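Sequence order for the protein chains is A and B. All letters in the first sequence, in the order written, are residues 0 to 323 by numbering that gives the first Met the number 0. All letters in the second sequence, in the order written, are residues 0 to 323 by numbering that gives the first Met the number 0.
Incorrect hints may appear among the rest.
Subject to a maximum C-alpha distance of 25 Å in a straight line, what follows is the list of computed DMTMM-like cross-link-like pairs (lysine to aspartate or glutamate) [stated by the list, open to error]:
#  : chain 1 : residue 1 : chain 2 : residue 2
1  : A       : Lys-52    : B       : Asp-89
2  : B       : Lys-52    : A       : Glu-11
3  : B       : Lys-52    : A       : Asp-90
4  : B       : Lys-52    : A       : Glu-88
5  : B       : Lys-317   : A       : Asp-65
6  : B       : Lys-259   : B       : Asp-246
7  : A       : Lys-70    : A       : Glu-11
8  : A       : Lys-317   : B       : Asp-65
9  : A       : Lys-52    : B       : Glu-88
10 : A       : Lys-317   : A       : Glu-137
11 : B       : Lys-317   : A       : Glu-51
12 : B       : Lys-52    : A       : Glu-133
13 : A       : Lys-300   : A       : Asp-316
14 : A       : Lys-291   : A       : Glu-302
15 : B       : Lys-52    : A       : Glu-189
16 : A       : Lys-52    : B       : Asp-90
17 : A       : Lys-317   : B       : Glu-51
18 : A       : Lys-52    : B       : Glu-133
19 : A       : Lys-52    : B       : Glu-51
20 : A       : Lys-291   : A       : Asp-212
Simulated from the structure, these hints should not be mistaken for laboratory data. These figures come from a predicted structure and were not determined experimentally.
One letter stands for each residue in the lines below.
2 protein chains.
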Amino acid sequence: MWIDGLQYCRWERRIFEEMRVGGVDAVHVTLSYHEMFRETVLRIEEWNRFFEKNADLIVQARTGADVRRAKADGRTASVFGAQTPSPIEDDIGLVEILHTLGLRFMQLTYNNQSLLATGCYEAEDMGLTRMGREVVAEMNRVGLVVDMSHSADRSTIEAAEHSARPIAITHANPHRWHPARRNKRDAVIEAVVAGGGMMGFSVYPHHLAGGSDCSLDAFCGMVADMVASYGLAHFGIGSDLCQGQPDSVVEWMRVGRWTKGVDFGEGSAAAPGFPPQPAWFRTNADMPKIAKGLAAVGFNKREVMALMGGNWLTFFDKNFGAMT
Amino acid sequence: MWIDGLQYCRWERRIFEEMRVGGVDAVHVTLSYHEMFRETVLRIEEWNRFFEKNADLIVQARTGADVRRAKADGRTASVFGAQTPSPIEDDIGLVEILHTLGLRFMQLTYNNQSLLATGCYEAEDMGLTRMGREVVAEMNRVGLVVDMSHSADRSTIEAAEHSARPIAITHANPHRWHPARRNKRDAVIEAVVAGGGMMGFSVYPHHLAGGSDCSLDAFCGMVADMVASYGLAHFGIGSDLCQGQPDSVVEWMRVGRWTKGVDFGEGSAAAPGFPPQPAWFRTNADMPKIAKGLAAVGFNKREVMALMGGNWLTFFDKNFGAMT
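Let the sequences and hints guide you as you build the complete structure.
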């Protein structure tokens, strides 16, 4: 069972076919960045068309059991997520509505301050807001996972502590390996892991030591280092793959409608677009290379399976349903 | 198993308690009249609160199996419906979205012309529109039942014929018994029944011969006459009960936002509000009286059970899921 903890590809049949080639059994797909509720529903309508027209390749998953059924059918399971809380607007009732529509991950913040918490690009980090605490409790109740990939440190630690259920960092790497603003310091990882949470390792070049030139061996060595520090159970892949997307999309991700100017995020005026992917992970068909790389740095077969998807599946099983 | 094929009460815990007293095992509840998509979602959010706060009394049902489980639990199952197609706005993709959120009945028209078909108060009846045919096919695909209670004759007949699955008239009575504009002529009932459809008999005074003074015996006699004409399998109750609603609500039902003036619908300037209910059916606690009335006009126990809910349950089983 191989599961990618985050992708935002330019979805089309060709990519769904590549997922089958690459052995990607399930993927957490980003539905929306700055889309408000009605716009997010339009994204779900698009996915409903994808599911209807590509029923031989993909199927929506709402539970771990759905993921297992998809694998048994030879299809890739898509699990919906949102990278900002814009889809719930300022209405806590939309948490359950979106969960019913299949949303299973939602970031509380995306780089900036939100109604709920602070993003990793703000100068100050106020932690969880009043509404943030309420929304985390509601997400816990229905089974919508708190994702803090783009959040600031204090906010993430407070979310991990306040949340009654494990939270996730679906796509990031350790700050100690590559001190990017989006990568996570040990205190943050410790808080997430202590709550039973998950972290998916990113293959997005800005998150890699050496960027686009990072080797597969270096990436897998980083994974081994993290497993040595925190144990095997809390880690997986969250590739952050944006296969086929034009550069206008990375601008949308960073800028949304929050400024009339330009924010380069992890990029720069000199390099505003998507960075080139490392040679060993350009498409979904490259997924087996990561499994081989993990074996090459010393993980045994069971450990490779846990890191490639088994740990995510266990996390899905525990966290996608209503709180009991 | 007793099922009411349509109610639009002013929902509160007291009424949920009365449903248990009255032995109402399931009810098709109107979520929305003229509410557009986002407003309909707000109605679902309200229902989610009802379910959360009254979990000992009510539960949402999406299938016949859910209804059976609710009865086994001693709870009343609520099945969502919309009395106009306003919730899908002009977007066929919202059919599946609303089905996922639990919508199981949708009227194609409510008195007036809609994007889909003609309502029973228009002077001309153009039948199903171009979009109407597409939406009926999509409703068939996902398992959202076409309800033609407030539609014009030709539109209803065309919907019955065009639909690949049975349709419903959830709340109306025969025109031959009481020639109200909302009651259904034999040609309409024949078309619905021929397609395997269902009709729920209404206890709303404007639909009753004699209005508020209609006797239980006369109502049950009408049921017996219909069963004699069309057989037992196609009929049930659709009381149209609007328990606890203020008169402002009947104005909303009739007027929505389609005019700045007033439309009295089945009422009149002299009697613009809700008419008084017949003495034998004022609240959900009165449901057993209908069962007794049906027995009194000669239906045996099996027939009473079929009319009180068994037929609706069979219909739910066949028509609430994706088309196979």
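Hints, one by one, checked against the model:
1. Among the hinted pairs, A:Lys-52 with B:Asp-89 is consistent with the structure: their alpha-carbon atoms are about 22 Å apart, no more than 25 Å.
2. Between B:Lys-52 and A:Glu-11 the CA atoms are separated by roughly 43 Å; this puts the pair beyond 25 Å, and the hint is violated.
3. Restraint check for B:Lys-52 and A:Asp-90: the C-alpha separation of about 18 Å stays at or below 25 Å, so the hint holds.
4. Restraint check for B:Lys-52 and A:Glu-88: the C-alpha separation of about 24 Å stays at or below 25 Å, so the hint holds.
5. In summary, the hint linking B:Lys-317 to A:Asp-65 is supported, as the alpha carbons are separated by about 24 Å, within the 25 Å threshold.
6. A C-alpha spacing of about 17 Å is found between B:Lys-259 and B:Asp-246, which places the hinted pair at or below 25 Å, so the restraint holds.
7. For the suggested pair A:Lys-70 and A:Glu-11, the alpha carbons sit about 20 Å apart, so the restraint of at most 25 Å is met.
8. Annotation: proposed proximity of A:Lys-317 to B:Asp-65 holds, straight-line Cα distance about 24 Å (limit 25 Å).
9. This hinted pair checks out: A:Lys-52 and B:Glu-88 have alpha carbons roughly 24 Å apart, not beyond 25 Å.
10. A C-alpha spacing of about 16 Å is found between A:Lys-317 and A:Glu-137, which places the hinted pair at or below 25 Å, so the restraint holds.
11. Pair hint B:Lys-317 plus A:Glu-51 holds up; C-alpha atoms about 21 Å apart against a cutoff of 25 Å.
12. For a cut-off of 25 Å, the pair hint linking B:Lys-52 to A:Glu-133 stands: about 17 Å separates their Cα positions.
13. A hinted pair counts as satisfied when its Cα atoms are at most 25 Å apart, and A:Lys-300 with A:Asp-316 qualifies at roughly 22 Å.
14. Our distance criterion of 25 Å between C-alpha atoms is met by A:Lys-291 and A:Glu-302, whose separation comes to about 12 Å.
15. A distance of roughly 37 Å separates the Cα atoms of B:Lys-52 and A:Glu-189; the hinted pair therefore is violated under the 25 Å criterion.
16. Of the pairs offered as hints, the one joining A:Lys-52 and B:Asp-90 holds, with about 18 Å between alpha carbons and a cut-off of 25 Å not exceeded.
17. Taken as a hint, the A:Lys-317 and B:Glu-51 pair is honoured in the structure, with Cα atoms around 21 Å apart against an allowance of 25 Å.
18. A distance of roughly 17 Å separates the Cα atoms of A:Lys-52 and B:Glu-133; the hinted pair therefore holds under the 25 Å criterion.
19. At roughly 36 Å between alpha-carbon atoms, A:Lys-52 and B:Glu-51 are farther apart than 25 Å, so this suggested pair is violated.
20. The suggested pairing of A:Lys-291 with A:Asp-212 holds, with an alpha-carbon distance near 19 Å, which does not exceed 25 Å.
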